[in-house]
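Start from chain A and add chain B according to the hints.
Line order of the protein sequences matches chains A and B. If you read the first sequence in the UniProt record's numbering, its first letter stands for residue 1, the second for the next number, and so on. If you read the second sequence in the UniProt record's numbering, its first letter stands for residue 1, the second for the next number, and so on.
Source of the hints: derived by calculation from the structure; they are not laboratory data. Please read these numbers as outputs of a predicted model, since none were measured by experiment. Check the hints yourself; a few may be wrong.
Since the list can't tell identical chains apart, any single copy or any two copies may satisfy a pair.
[Stated by the list, open to error] In silico SDA-like cross-links for lysine to any residue, where the CA-CA straight-line distance does not exceed 25 angstroms:
hint, residue 1, residue 2
1, K168, C92
2, K168, D314
3, K168, A334
4, K190, A8
2 protein chains.
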Amino acid sequence: MRATVIHAPHDIRVEEVPDPAIQQPTDVVLRVLRACICGSDLWAYRGESARKPGQRIGHEFLGVVEEAGPGVNGFAVGDLVVAPFVWSDGTCTYCAEGLTTSCTQGGFWGSVGSDGGQGEAVRVPFADGTLVKLPAAAASDDRLLTALLALSDVLGTGHHAALGAGVKPGSTVAVVGDGAVGLCGVMAAKRLGAERIIALGRHRSRTDIALAFGATDIVAERGEAALAAVRELTRGEGAHGVIEAVGTEQSMRTAIDIVRDGGSIGYVGVPHGSATGLDLDAMFDRNIALRGGVAPVRTYIPELLPDVLDGTLDPSPVFDLAVGLDQVPGGYKAMDERTALKVIITP
Amino acid sequence: MRATVIHAPHDIRVEEVPDPAIQQPTDVVLRVLRACICGSDLWAYRGESARKPGQRIGHEFLGVVEEAGPGVNGFAVGDLVVAPFVWSDGTCTYCAEGLTTSCTQGGFWGSVGSDGGQGEAVRVPFADGTLVKLPAAAASDDRLLTALLALSDVLGTGHHAALGAGVKPGSTVAVVGDGAVGLCGVMAAKRLGAERIIALGRHRSRTDIALAFGATDIVAERGEAALAAVRELTRGEGAHGVIEAVGTEQSMRTAIDIVRDGGSIGYVGVPHGSATGLDLDAMFDRNIALRGGVAPVRTYIPELLPDVLDGTLDPSPVFDLAVGLDQVPGGYKAMDERTALKVIITP
Chain A
1 MRATVIHAPH DIRVEEVPDP AIQQPTDVVL RVLRACICGS DLWAYRGESA
51 RKPGQRIGHE FLGVVEEAGP GVNGFAVGDL VVAPFVWSDG TCTYCAEGLT
101 TSCTQGGFWG SVGSDGGQGE AVRVPFADGT LVKLPAAAAS DDRLLTALLA
151 LSDVLGTGHH AALGAGVKPG STVAVVGDGA VGLCGVMAAK RLGAERIIAL
201 GRHRSRTDIA LAFGATDIVA ERGEAALAAV RELTRGEGAH GVIEAVGTEQ
251 SMRTAIDIVR DGGSIGYVGV PHGSATGLDL DAMFDRNIAL RGGVAPVRTY
301 IPELLPDVLD GTLDPSPVFD LAVGLDQVPG GYKAMDERTA LKVIITP
Chain B
1 MRATVIHAPH DIRVEEVPDP AIQQPTDVVL RVLRACICGS DLWAYRGESA
51 RKPGQRIGHE FLGVVEEAGP GVNGFAVGDL VVAPFVWSDG TCTYCAEGLT
101 TSCTQGGFWG SVGSDGGQGE AVRVPFADGT LVKLPAAAAS DDRLLTALLA
151 LSDVLGTGHH AALGAGVKPG STVAVVGDGA VGLCGVMAAK RLGAERIIAL
201 GRHRSRTDIA LAFGATDIVA ERGEAALAAV RELTRGEGAH GVIEAVGTEQ
251 SMRTAIDIVR DGGSIGYVGV PHGSATGLDL DAMFDRNIAL RGGVAPVRTY
301 IPELLPDVLD GTLDPSPVFD LAVGLDQVPG GYKAMDERTA LKVIITP
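Isolated chain A (complex conformation) (with noise of 0.2 angstroms):
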């Protein structure tokens, strides 16, 4: 089969690799039918994060059951499924708790010696515990599969952020990041009942899907004057919770500057520089809580599913550049220039 590969910064392939096949009896070998460029991906491809020379890429997919093992239960061939960006057993006590990303026996998809997402077919360890169930009926509704390819990492990161900020009804939350997540953060946030949501950015594409997503105020200004616009919007003091969804030392710093006394930053933004713009005096003056971390999406599937079903949320418009498997190494591209907010493949 093809897939996607990653040799060195800037340098993604897709080549044909060994087709996946059953190795443990609760495998399933799934189709891709659709998967994406996360931004977390950028920062292999930016050589931020190390990649051994040859490993998989892509963490997010959805598809058909094209193989079950033996030990499989909860799905047969044809099944039309999603994965969240860990697998996980779905059977120790942190799954059992809903903590499926700290699973004793999970992994992360394009881990070295594990299929990537980013390709044409993908071995799914502990298929049970893993995956999600998708009405057969979406395969053919092209919309409704893209939204629900949001729920293998970004609409279930938002929803994490939007937890770990605090967020319950008339909460009035500031969302850090203008990405696929900070995106969905806002969606996730309107879902708990905030009354007022402001996000933060300046690419008025960007900012129209997160007024379309519900923030009810946009603010386009940086650093000190972003800090001012948000406390005059928040009667001084700041919003209750921020979700902070980008991970650098800025994003960080804003964050904690925005909150306002006894708040909680709901952090998702994989950390690259932001313990530096942790300022520990300031939070222990004023009490700042920092939650939130790699999101359980599995757990927050089942919850957040039927709402897409329903179309109560329509993560789709995040996804704003379709592409094959063979354009994958030019979504990379469009995505790192910001050409392109998240990209979509159908291999």
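Frame of chain A, contents of chain B only:
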């Protein structure tokens, strides 16, 4: 009157200063019955927190109302009262929500221009918002008076840490720091229903208090060995919550090492290097939350007071050295050299 003054690192003096007087209608002048020295005072004593020469010091005290301004409604001359370690107006939006440490008119005893607690008397701003009345009979019960003094800071701060660590019935909690706050954190965790309380410490006199306060296990090891010991006590997973009551790089590293994935660190140690110990990558991968900060003790006093009055909570053992006002400089030296755990002062 006489009060404690800090002139330079390691230069603490007890001097004649102007008698406090009512300046605002909402002031009270309080005659101090008991005060004490805080672990956080040692940061100033050691020169690690800046102080202007001649600044007052001390922020924990209880006493008797000697004079009340015309705008004071809740207190009369002769009332026995305890003060939390910051004053607060009791009426702003933060006070209304219980975050009295963020009061828009609040302040810290011993800050420039205000009285410190380690003296004969204190001018208390916003007395109605700040002070809490105690039963008059307590004034003649030396043990009870000592226990009640802990409400001014360490008991409420331990409670704040336990809340930040997410303690609930059945929790396993680990406590980093064997000072008065850490020990009160043990007591607070037990009160909130923790089933297992692991106190880290190697000084028998302190770990004995931890055991008396409710610790179920003592870990005397440090570094890697401490981590291994906590893992062994927790099925290899770590504690659901950790109380970080020190504030150094090493203590924060230890807290992150020994907390279970998905757990929470309740941090109340004033940061002195602890930001450097925050391994955000590890926290992100393991979904570790950081919650806490300066404790809104005023809010907690009404909840904790009945338990202290009826003897359910008796934090008095944390005070292991009693001095008069003249001996305060020696009290600092004793705490700095760790020959005393916490010094109580009878002016």
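Okay, which hints does this one fail, numbers in order?
-> 3 and 4
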